[in-house]
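Undergrad: Residue numbers (the numbering used here), protein chains in the order written: chain A, 13 to 196; chain B, 2 to 295; chain C, 22 to 637.
Just so you know, these hints were derived from the structure itself, not from any lab. On a predicted model such as this, the values are computed, not experimentally measured, just so you know. Ideal Cβ positions, reconstructed from N, Cα and C, are used throughout, including at glycine. Take the hints with a grain of salt, since some may be wrong.
[What the hints assert, rightly or not] Going by beta-carbon spacing under 8 Å, a handful of chain B positions derived as facing chain A:
id: 1; residue: G95
id: 2; residue: V105
id: 3; residue: F117
[To be verified] Using 20 Å as the maximum straight-line C-alpha spacing, the simulated SDA-like pairs for lysine to any residue come out as follows:
id: 4; chain 1: B; residue 1: K115; chain 2: A; residue 2: I109
id: 5; chain 1: B; residue 1: K116; chain 2: A; residue 2: V131
id: 6; chain 1: B; residue 1: K154; chain 2: C; residue 2: E234
id: 7; chain 1: C; residue 1: K576; chain 2: C; residue 2: L30
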Amino acid sequence: MSHSNDHHAGAGEGHQQDHHLHVTPFAPMLIVFIVLLALTALTVYTANLHHIDVGNTRIEISGTAHILIALTIAVVKSALVLGFFMHLLYDKAVNTIVLASSLFAISLFLGLTLMDLAVRDSIEPYEAGELTPGGTKQVIRQSILRDEAGHGNAHEGEDHSADDNADDGHADEDHATDDQANDM
Amino acid sequence: MSDQQHNQAGFDAGPLPPAGTRPHETYVHGHHWRDRWEEADGAKLGMWLFVCTELLLFAGFFCAYAAFRLMYPDNWHEASRYYLDWKIGFINTGVLLFSSWTIVMAIRSLQLDKKFAAFIYLGITNACAICFLFLKITFEYIPKWQLGKLPGKYFNYPNYGPADPAVIDSTTLPEPAGPLVDAGHAITNGATDMVASAMNSGVMDVLPIAAKAGEEAHHVPMPHDHIFMSVYWISTATHGLHVFIGVVLITWLMFRVMGEHYGPRRYTMVENVGLYWHVVDLIWIFLFPLLYLV
Amino acid sequence: MSDHHAHYLAGKGSTGKTIMSWVWTYDHKKIGVMYLVAVLMMFFLGGLAALGVRAELFEPHYTEFVNDDGQVVADTKGYKGAGSDFVVPEGTTPEQRGVMFPNITVTTVETNPDTGERTEGTKTVTGNNIYNRAFTLHGTIMVFLFIIPAVPAALGNIFLPIMLGAKDVAFPKLNLWSWYIYLFGGMFAIFALIQGGVETGWTFYTPYSSTTEWGNVTAMVLAAFILGFSSIFTGMNFIVTVHKLRVPGMGWFDMPLFIWALYATSIIQVLATPVLGITLLMVVFERTFLIGIFDPALGGDAVLFQHFFWFYSHPAVYIMILPGFGIISEIIAVHCRKRIFGYRAIAFSSIAIAAISFLVWAHHMFTSQSPVANVVFSALTFLVAIPTAIKVFNWISTMYKSSIAWTTPMLYACFFLFCFTIGGLTGPPLATLAVDIHLHDTYFVVAHFHYVMMGGTVLAFVGGLHHWWPKFTGKVYNETWATVGGWIVFLGFNLTFFIQFFLGTQGMPRRYATYPTDIPAFEIMHKISTVGSWLLLLGFLIHLFVFLHSLLAGKKAARNPWGGLTLEWETETPPLEHNFEREPVMTHGPYDYDTARPVNADPALFPMPTDTPKAH
Numbered sequence: 013m014s015h016s017n018d019h020h021a022g023a024g025e026g027h028q029q030d031h032h033l034h035v036t037p038f039a040p041m042l043i044v045f046i047v048l049l050a051l052t053a054l055t056v057y058t059a060n061l062h063h064i065d066v067g068n069t070r071i072e073i074s075g076t077a078h079i080l081i082a083l084t085i086a087v088v089k090s091a092l093v094l095g096f097f098m099h100l101l102y103d104k105a106v107n108t109i110v111l112a113s114s115l116f117a118i119s120l121f122l123g124l125t126l127m128d129l130a131v132r133d134s135i136e137p138y139e140a141g142e143l144t145p146g147g148t149k150q151v152i153r154q155s156i157l158r159d160e161a162g163h164g165n166a167h168e169g170e171d172h173s174a175d176d177n178a179d180d181g182h183a184d185e186d187h188a189t190d191d192q193a194n195d196m
Numbered sequence: 002m003s004d005q006q007h008n009q010a011g012f013d014a015g016p017l018p019p020a021g022t023r024p025h026e027t028y029v030h031g032h033h034w035r036d037r038w039e040e041a042d043g044a045k046l047g048m049w050l051f052v053c054t055e056l057l058l059f060a061g062f063f064c065a066y067a068a069f070r071l072m073y074p075d076n077w078h079e080a081s082r083y084y085l086d087w088k089i090g091f092i093n094t095g096v097l098l099f100s101s102w103t104i105v106m107a108i109r110s111l112q113l114d115k116k117f118a119a120f121i122y123l124g125i126t127n128a129c130a131i132c133f134l135f136l137k138i139t140f141e142y143i144p145k146w147q148l149g150k151l152p153g154k155y156f157n158y159p160n161y162g163p164a165d166p167a168v169i170d171s172t173t174l175p176e177p178a179g180p181l182v183d184a185g186h187a188i189t190n191g192a193t194d195m196v197a198s199a200m201n202s203g204v205m206d207v208l209p210i211a212a213k214a215g216e217e218a219h220h221v222p223m224p225h226d227h228i229f230m231s232v233y234w235i236s237t238a239t240h241g242l243h244v245f246i247g248v249v250l251i252t253w254l255m256f257r258v259m260g261e262h263y264g265p266r267r268y269t270m271v272e273n274v275g276l277y278w279h280v281v282d283l284i285w286i287f288l289f290p291l292l293y294l295v
Numbered sequence: 022m023s024d025h026h027a028h029y030l031a032g033k034g035s036t037g038k039t040i041m042s043w044v045w046t047y048d049h050k051k052i053g054v055m056y057l058v059a060v061l062m063m064f065f066l067g068g069l070a071a072l073g074v075r076a077e078l079f080e081p082h083y084t085e086f087v088n089d090d091g092q093v094v095a096d097t098k099g100y101k102g103a104g105s106d107f108v109v110p111e112g113t114t115p116e117q118r119g120v121m122f123p124n125i126t127v128t129t130v131e132t133n134p135d136t137g138e139r140t141e142g143t144k145t146v147t148g149n150n151i152y153n154r155a156f157t158l159h160g161t162i163m164v165f166l167f168i169i170p171a172v173p174a175a176l177g178n179i180f181l182p183i184m185l186g187a188k189d190v191a192f193p194k195l196n197l198w199s200w201y202i203y204l205f206g207g208m209f210a211i212f213a214l215i216q217g218g219v220e221t222g223w224t225f226y227t228p229y230s231s232t233t234e235w236g237n238v239t240a241m242v243l244a245a246f247i248l249g250f251s252s253i254f255t256g257m258n259f260i261v262t263v264h265k266l267r268v269p270g271m272g273w274f275d276m277p278l279f280i281w282a283l284y285a286t287s288i289i290q291v292l293a294t295p296v297l298g299i300t301l302l303m304v305v306f307e308r309t310f311l312i313g314i315f316d317p318a319l320g321g322d323a324v325l326f327q328h329f330f331w332f333y334s335h336p337a338v339y340i341m342i343l344p345g346f347g348i349i350s351e352i353i354a355v356h357c358r359k360r361i362f363g364y365r366a367i368a369f370s371s372i373a374i375a376a377i378s379f380l381v382w383a384h385h386m387f388t389s390q391s392p393v394a395n396v397v398f399s400a401l402t403f404l405v406a407i408p409t410a411i412k413v414f415n416w417i418s419t420m421y422k423s424s425i426a427w428t429t430p431m432l433y434a435c436f437f438l439f440c441f442t443i444g445g446l447t448g449p450p451l452a453t454l455a456v457d458i459h460l461h462d463t464y465f466v467v468a469h470f471h472y473v474m475m476g477g478t479v480l481a482f483v484g485g486l487h488h489w490w491p492k493f494t495g496k497v498y499n500e501t502w503a504t505v506g507g508w509i510v511f512l513g514f515n516l517t518f519f520i521q522f523f524l525g526t527q528g529m530p531r532r533y534a535t536y537p538t539d540i541p542a543f544e545i546m547h548k549i550s551t552v553g554s555w556l557l558l559l560g561f562l563i564h565l566f567v568f569l570h571s572l573l574a575g576k577k578a579a580r581n582p583w584g585g586l587t588l589e590w591e592t593e594t595p596p597l598e599h600n601f602e603r604e605p606v607m608t609h610g611p612y613d614y615d616t617a618r619p620v621n622a623d624p625a626l627f628p629m630p631t632d633t634p635k636a637h
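Excised from the complex, chain A in its bound form (with noise of 0.2 Å):
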């Protein structure tokens, strides 16, 4: 039922046959939690700071700069999760290469998307959001009118026609290609 050393997998991987039980720490486990919890106030600390007075030079810190400082606080984050409440620094080094192919096929996906949305419009410019009803900020502010007109308080007959307008028009554009299709 239990192990016996008479098997033993010739395959390079084998089990360690002398059972022990290997128990997981007290003390690295609490002292990652509260690490945890530091580098979380942390993160919304720097996420609220918007700049640091150094002497008397005021250094702004960018958007981008956020981004990056709580995107490093959160991957020291889950590095610890990994190694520690997830046991990847105790276990065999397999499970780590599952891992790291997983990050390995994430990471292609964000980058080589970004990649296309970040070059998209470097040689041709990239029309996007022309034909869009509610791409621009345009449309919205009719969408904006389109609301008000809806809740019954018409205070301007012309913004009511012109919102109707727009409504008929976005609803045939949604359309047009099942019409087309079944018309075929």
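Chains B and C: place on chain A using the hints.
TA: Okay, now just chains B and C, sitting in the frame of chain A:
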């Protein structure tokens, strides 16, 4: 793949106690495994593969987040600071981290054959999970639902320009209808107020509440706020679903622990649920700063 | 007691018990056989849809493109017998204009996005729209229900543990779950089909898929989502089995190459499928909550969907083909009776293909993404050619100066080499940016991926089915008729698809129900292609009858009819409930044909190189 990976940092507590008659001691491993330790290793490897799939699943949300952040950086920043209250996220982060620690401690208790302690630790984990969902639903989802801060097309842009209470109270704008109306005030402070009143200014006071920056009070609805809220809703809701599944799993574990199915010789299932639970934590570690802070 | 020593197909005493022993089995072989039956049924269902598509394209018909105001803005000039100045004959209805598929009326439920109110109505689906449904049906069924589970979940399930000398896969219960999840997802797909079908194509491109009022898209997308779980579970199971359950003495490089291929496949299944899951879930959210992430009308980004989708679906192409590679490695080594050439090269190239598969997805998007990304992905795409070519060269080197036994599996392996090489070599033109802009969405692409998917995976699958048929059914099939069927399939396949390369280069676009008769070459080529599809049907029907005949009246198969050296040939035929009488002992590598004598085989039939002096 070294055989010695197990023995690090002196965590070896010596040989196993002699086997007894309790269910976790008489457990017979699957017939196709060499022994229960091989089976446990295999189960754990399988769980890690599942962890990979979870990470990749959420990578979809992160990719969507990053893509739109890239396309509409200002809008994203504004929406993040304006529509979401970091305090709820902060408390929830603490709650999840604590629950992660308690489930680790539950495994430790089982390894030391302390059934009752393991039960308590699992109970605390479960309580934290439920607390997370409670905070999330009560102070985020319900107010947002009421304010019309729903994903995509269901997102209600406010009926006024700048979301400044002073402007709203003036007569220059049409009186908005329905609950959206006094969303005017609630949008800026709604969630905060609710938390503050609910907690009777007990918990919130000790937190380092940063004053809302001036520009946030003068938030102008931006054209892609609804996309931000889409990403917020789908990612947190999927995460919340995982928390809920975690509650179910941990509850089941609690019953199993009381039935003495887990002990020093058999705790793989607790470990695997623990792995799952840490993934839920991991995802939140990234979701929290990205959605609430930056 | 008898459980362990009876073969796995043996009855359990009563019919009820036998049925239950299948419904509630943890035996990987039974699960694999159930998968196999389902997968073959899906193959015929998807094949029927393809036949419908081909039949529709047999001749062109008149189609008007009507704008929103009901005006005809364009038509496919040249209704049969009319010139380009075509006038619709008075009193004709669309049905009379040469459309094969009839119009049908279906009930629809429309949801008002503002109020959430649902109203029922009826809508007419035109024949052309049914064509769209037919090719979508063909695509979704073939991709999600047939080709992805075909080799790993059916043949892989049956043979992976046996070839490793294991008693079962690592997680037998998960294996059963995977099968029922497959069934459940399949039912969703069938439901979508009965509801009237989906017309988005198997790619579900947004914003059409997220805004079309046909609610079946949700069911079909959910079906694919659910099937993804099934695929993931199979992949997880195989990875852990390969890591942990190899028989003592079997190192990584003592594994059969089929296992290496399945291992690489499983890696892709585990790492890519979740992204499909989240993508399809987001499409469901798009449709139900109108989240707008993929909808430009709401400020979202439709190209983002394509990235999401192809991040899975390009690696999925390798999920489909890699197990086929594995089968071919087995067949060629066994039926050429020769040590496989370049074992490690073939093994590592499988892993390399798995890794590279994650780098090339956006070559499906050369017309939609940014030019810079085009260049990057075009360059990366060429990388795939390297490990793939390594495999082909190694197979051919294995065959060189070997004693080839012209059995049906070997025949199929040669068909595979022929067709897959054509399919592979038409890839680089498509990876070349400038050429792809011309060929994008034409029949050239259709021909290319059918040469890879059908000429590759399907031929390998059928070959593998014949190769292992005696082992897992315990019955001999009729070699003559199987060979006849194989040749007909081969001819039909090439007739159907080779001509489509020319159709594509001349500009015939994909996914159109008709084409103008102004270009007579189109009609001739489409006719040839359609006739080829009938030959394919004939060939596969012959195979079906050969298999049925074998099951009903076949002779009992020998334990090692081909003289193979891998472990599955060492066990009983059909295998025992727990695969082996006792744990097998590794005495030789999987391809040591020069030094090891096959177990359980007649030495006269399978002599060693040292037994007889060479004939010349």
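Undergrad: For the pair we were handed, K576/C and L30/C, check the Cα-Cα distance against 20 Å.
TA: 16 Å, holds
Undergrad: So if I understand the rule, the pair passes when the alpha-carbon distance is 20 Å or less; does K115/B with I109/A pass?
TA: 33 Å, violated
Undergrad: Does E234/C sit within 20 Å of K154/B, going by the straight-line distance between their CA atoms?
TA: 16 Å, holds
Undergrad: Was the hint right that G95/B lines chain A, CB cutoff 8 Å?
TA: Interface hint status for G95/B: holds (6 Å vs cutoff 8 Å).
Undergrad: Would the hint linking K116/B and V131/A be met if the CA-CA limit is 20 Å?
TA: 57 Å, violated
Undergrad: With chain A as the partner, please determine if V105/B meets the hint condition of a C-beta pair closer than 8 Å.
TA: Status holds, d = 5 Å.
Undergrad: Close enough to count: is the Cβ of F117/B nearer than 8 Å to one in chain A?
TA: Check failed: Cβ of F117/B comes no nearer than 17 Å to chain A, outside 8 Å.
Hints 3, 4 and 5 from the earlier list are contradicted by this structure; the remaining hints agree with it.
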